[in-house]
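Peer 1: Here is how the chains run, residue by residue.
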Amino acid sequence: MNKLTLQVTKVEPLSPLVKRFRFEDPNGAGLPVFSGGAHITVEMPEGEIIRRNSYSLVSDPYDGTGYEIAVRREDTGRGGSRYMHEKVSEGDLITISAPKNMFQLDLRARKHVLIAGGIGITPFLSQLRQLDMEQKPFELHYAARSRKEAAGLALLPEAAHVHVHISDEGARMDLGDILDGQPLGTHVYTCGPEGLIKAVADQAARLNWPVSSVHSEAFTSPPPGEPFTVTIASTGQAITVKANQSLLEALEEAKVEIDYSCRGGACGRCETHVSSCDGRILHNDHWLSEDERAAQTKIMPCMSRFRGATLELDL
Amino acid sequence: MTMQFNDETFRGDYTYFNTPAAVQRFPFPFDQDSYMYSVNIERHPGGPKGTPFEFAFDVDEHYVAEMKDREITLAGDPMRCQSLPHMELAGWDLLELIMVSKARDYPDLFKLHRDGNQWHWINKPLDIDKTFTFLDPTTLPCGPMEYITRQAQGDYALLHEREGNLWLDAGMVTSQADWSLDFDVGMNFFEWHAPVPKAKKMGVFDKALKFLLAVEQDQPYRRLNWTMTVNPRLDTSPENYHKWGPEKRTITPKNVGQKQFLRVELQTFWRLPRSNAIAFPIRCYLCSLEDLATVPKWGRRLHRILREIDPDLADYKGFAVNQATIVDYLSQFDDGAPTSPGIFPD
Amino acid sequence: MDQAQVLLVAPEADAEARMKSLQPRGLHIAPDLDAAGPLFRQLLGTARMGTQLFLAGSEGLMGALSALAVAEGLPLDAMQMEHRGTVARRMQCVHCKGVTDNVTTDPFTCSHCGLTLFVRDHFSRRLGAFQGVCVDAETPGEIPDTVEIRP
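If you read the protein sequences in the order shown, they are chains A, B and C.
Residue 1 is where the first sequence starts when you use the working numbering, and the numbers rise one by one after that.
Residue 316 is where the second sequence starts when you use the working numbering, and the numbers rise one by one after that.
Residue 662 is where the third sequence starts when you use the working numbering, and the numbers rise one by one after that.
With the rest of the complex left out, here is chain A (with noise of 0.2 Å):
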């Protein structure tokens, strides 16, 4: 896993509560350049806990002399991004990840449909760059609940093919309107609450489209719940999960090396296998299928957790 170790040069709100971060190197190297759509991981130590939280790069991806994102305050989540609003400012070091990518471009698209709600505007960010370069059509459609908090209004072009819809202004997406009659070879990319995911998912399939066309991007951080406990296989070590902590940090915490890459339960990378469960785990994860989650011999330790006497993972 590559980190880098950067400077915060600026930190500004965007609407009450989205806040934009700037990044640079502290010596003033440049960065590497990165494609349309990809993430970084923030490092956020607070007392014993590191939490880590993944969020989409706004930036211009060729841009090599900072990095951008953009951080929505939630405040029902473990404190994540509470952390990023209260506790970061212009001048600290943070460390974050290199660059990573789930949600590219498809560059053989005829033409791009991009469909986003409240903060999932953030990948579309970085993706325009490339989306101009491609000289191919696109849409972007931009769903916000009021223009106050349409925190991406000030980063869009101003431009025929940019929608935003305002549903307080009385102005909601069509998705059956926005889909239907597309070219062939078009792609749709969806980044927004998981309802809007799904709505754009079954619209597509309702009008045929295969599932290889149509793109999606979740924003989930682990939920917080109550502490447990768990043993490691091969050493007998117990280690306990903190309640505003996941599984994937406290094992983090413990030097457990655990490989890992989204953190928000998509990518299948940090998947663990359980060698014992008594009790119930609580998969938040996209990851494993219904039938891995009954059988309870797998977990996802970055948005899961577990409630009962014993769970042995086998590390």
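The hints are simulated quantities; they were obtained by calculation from the structure and are not laboratory data.
Among these hints, one or two may not hold up.
What the hints assert, rightly or not - List time: in silico PhoX-like cross-link candidates among lysine-lysine, alpha-carbon distance up to 25 Å:
| hint | chain 1 | residue 1 | chain 2 | residue 2 |
| --- | --- | --- | --- | --- |
| 1 | A | Lys298 | B | Lys525 |
| 2 | A | Lys10 | A | Lys111 |
| 3 | A | Lys87 | A | Lys19 |
| 4 | A | Lys10 | A | Lys136 |
| 5 | A | Lys3 | B | Lys525 |
| 6 | B | Lys383 | B | Lys574 |
| 7 | B | Lys558 | C | Lys758 |
| 8 | A | Lys298 | B | Lys522 |
| 9 | B | Lys383 | B | Lys439 |
| 10 | B | Lys558 | B | Lys574 |
| 11 | A | Lys136 | A | Lys111 |
| 12 | B | Lys574 | B | Lys612 |
Keep in mind that this is a model prediction, so the values were computed, not measured.
Using the hints provided, position chains B and C relative to the given structure of chain A.
Peer 2: What follows is chains B and C alone, placed relative to chain A:
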């Protein structure tokens, strides 16, 4: 650091040769006395000074001659280099990666000056001095992947990631071990590996795909693969099989030492930043049995491996028909003494 | 059927009439695969996302037309194919790149360059053909017995 480049051929009169230094640094692929398919992956670059593992894109005494041989192959068959339209960005990524690496690692041979997107590239061994605009294909004589791979040893495959799979959507393939880019372009990971025996049953390719999908920017890896070739021929393509195939049957106990070559592929894996594609360079090294045997450890080990190898594997790696002659020849170098673990000479 | 465009390639005597009775939106006839190509491309040009393609016939037909469809932007998973009729294979000679249709034996002779090729079980969706490789490269003149290709 001045490098001497061989004046040699890889076809026809086959004047190819390895200097003693080249033999010593040859990437011998076997780290123990028996062979099995394995994943055997390591971080790259990184390795002892002077070895092919030290730098990102190894340049050796065969550089100029290999690029000439590539030119001949391409002139006869332009379809050895193909890039589906959506892979142009990946081609630029590869061009940047190779130019930056070569200029950094071999400053006496290559120079790269960048002013924004205005680049100036100097390739001394090939006598190239070129200014062009990065990301603007009209400023190069051909596509970016073709442009840079005509100046870099080894074959290159660019893989497009989609649907949880990798798709062979671009490549420059002129030194391959018997597979056709023209036929395979557009295939996914499992489809283009379909002809490999046994591996499917062992789940090797599922693991390999999972690994490749997890490769991240600035975290390249490498592994070694091997086959055997009669004569130091780079173009062992299916397209020209009817031309080089007959050479296989010309091996005799008298000439096997000079004409039978161990062919090692140094495969590296890179996640490209702008396209998020995977670059898969396959660098080919050739060494005759005779030259290999000048390293006592290698003579012993190669004999033991080829004597015990699974016949299906010998067939797939293209030397089954000469296996007996090869093993016989190598037996003179094997006194039964133990060999040290690892691939390097003692 | 009222949403369907049907393209019949070298149909049997009563096929056209039978198809007409199902009242598709459009019914087109092409005398052979060569003529079908441009017509097929034209029809695809008016298609929108959500279009499903069904191909039924020989491997040759399915191979050629599916490759065309992919080139026109139709995703692979929007196609369904069902093999009907001859088990004859569409083969590409890896040496001269020529395609030989209706191959029923292994080995067979390339209809373009004349080399004797064995049928490799390696299929390219892009070309819609299997790979044929010279069978006697190492032993010129020594050719294995000819066998019929089985499905």
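Peer 1: Evaluate each hint against the coordinates.
Peer 2: For each hint, the structure was consulted:
Distance restraint check for A/Lys298 and B/Lys525: the Cα-Cα separation of roughly 17 Å lies within the 25 Å cut-off, and the hinted pair is therefore satisfied. Our distance criterion of 25 Å between C-alpha atoms is broken by A/Lys10 and A/Lys111, whose separation comes to about 35 Å. Taking the CA atoms of A/Lys87 and A/Lys19, the gap is about 12 Å. The hint holds against a cut of 25 Å. The straight-line distance between the Cα atoms of A/Lys10 and A/Lys136 is roughly 33 Å, outside the 25 Å bound, and the hint therefore fails.
Between the alpha carbons of A/Lys3 and B/Lys525 the distance comes to roughly 22 Å, so the proposed pair stays at or under 25 Å and holds. For the proposed pair B/Lys383 and B/Lys574, the alpha carbon gap of about 22 Å is at most 25 Å, so the pair holds. With a C-alpha separation of about 16 Å, the suggested pairing of B/Lys558 with C/Lys758 holds against the 25 Å cut-off. Simply put, A/Lys298 and B/Lys522 have alpha-carbon atoms about 18 Å apart, close enough for the 25 Å limit, and the pair holds.
The straight-line distance between the Cα atoms of B/Lys383 and B/Lys439 is roughly 15 Å, inside the 25 Å bound, and the hint therefore holds. Of the pairs offered as hints, the one joining B/Lys558 and B/Lys574 holds, with about 16 Å between alpha carbons and a cut-off of 25 Å not exceeded. Between A/Lys136 and A/Lys111 the alpha-carbon distance is near 6 Å, which keeps this suggested pair within the 25 Å criterion. Of the supplied pair hints, the one linking B/Lys574 and B/Lys612 holds, its CA atoms being roughly 21 Å apart against a limit of 25 Å.
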